[in-house]
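Undergrad: Protein chains in written order, with the UniProt record's numbering: chain A, 1 to 192; chain B, 1 to 192.
Source of the hints: derived by calculation from the structure; they are not laboratory data. Keep in mind that a hint or two might mislead.
Because identical chains share one entry, a pair is satisfied inside a single copy or across any pair of copies.
[As the list claims (entries may be wrong)] For lysine to any residue, the following SDA-like pairs were computed, each having C-alpha atoms within a straight-line distance of at most 20 Å: (1) Lys136 / Arg92; (2) Lys186 / Asn123; (3) Lys10 / Arg72; (4) Lys186 / Gln143; (5) Lys10 / Gly35; (6) Lys59 / Glu158; (7) Lys39 / Leu70; (8) Lys189 / Asp29; (9) Lys21 / Leu141; (10) Lys81 / Asn123; (11) Lys10 / Gln65; (12) Lys39 / Leu149; (13) Lys59 / Leu70; (14) Lys10 / Ile74; (15) Lys68 / Lys189; (16) Lys81 / Lys186; (17) Lys136 / Glu57; (18) Lys10 / Val73; (19) Lys21 / Gly103; (20) Lys68 / Glu147; (21) Lys68 / Pro33; (22) Lys136 / Leu70.
Number of protein chains: 2
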Amino acid sequence: MLEYTDFEEKTIQRTEIFHGKIIDVAVDDVALPNGGTSKRELVFHPGGVAVIALTAENKMVFVRQFRKPLERVILEIPAGKIDPGEGNSPERTGARELEEETGYRPASLEHLYSMYLSPGFANEILHIYCATAITKVENPLPQDDDEVLEIYELTFEEAQAAIADGSICDAKTLFALQYWELLELKRRKGLA
Amino acid sequence: MLEYTDFEEKTIQRTEIFHGKIIDVAVDDVALPNGGTSKRELVFHPGGVAVIALTAENKMVFVRQFRKPLERVILEIPAGKIDPGEGNSPERTGARELEEETGYRPASLEHLYSMYLSPGFANEILHIYCATAITKVENPLPQDDDEVLEIYELTFEEAQAAIADGSICDAKTLFALQYWELLELKRRKGLA
């Protein structure tokens, strides 16, 4: 839609810093389009999937878990990294994570958005799906060994309270709640 | 609001991997609350501020820039990292970044949300503000040397088209557009 000039930053040299289980880190020396040079610190991540799941009682499903980078427990919508082999089907990742983390299985998943979370330094992309007609599974997929979490189902008002008290404080979950607000508003106004 | 059990992951040992200009990287060996151990790859970031800025003509202000982690140009709301010394005043960061990147100065900034972008591995927090009554500054603060960007002002419909064509594809900007949709819906329904 828009006519663009060339803004590309050409890589002069890449220095590999770290090859982890989840992230890789590198520093690129780049040639800027304005003639200068700079360094770019880069984090590479396999990407993830998050699921907005509403129960038949119109409650949203959340998981509560400790997040080491924040050194605290927070409340989030179910989400997880894309496993090798799932790369071409984030929908499969979404269904798997929802079941592993919450014991719910969706009739289907509707793709809402795919978003880069922190494009200044990371290539991590998050695919957000909305789950329809979720049902509790008798014998759900087991949780990951190193994930310890609790499941919560909150009404819209309870979720708003969890924003106010700081329990809900991450981008994907705040995005999900804003999506819910939009949904509720459209519903109440007979637009959806 | 919710009664919680103890989910803390205790640090057994931290290994410092990288100390960069923008990010630091470390790996923690942690003791899990269920008795096991695991490793956590961690990225530390100073945090940032993003500004939702609407003109008197009800257009939103965007900047277009190359993002090295994505190897492409994208369209985002104005944002930037918190400078040392601005730590206690993200509002000051927001006003500075808006002026540096777009030449606009706000009458005031309203704090909307503070959100962790990627709490699984990074502690980066983004403070989102809404700017009111922005005006073009005659001699704005200069742009950063290593930032090359263009300014766009888009109507709501143009911004939706930029989502559809993939130009708008990051979390803060999609959040801002969802916020705008909510604002428009409330306005049209006489709720705001």
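Undergrad: When the structure is checked against the list of hints, which entries are broken? Sort them ascending.
TA: Structure breaks hints 2, 4, 8, 9, 13, 15, 16, 19 and 22.
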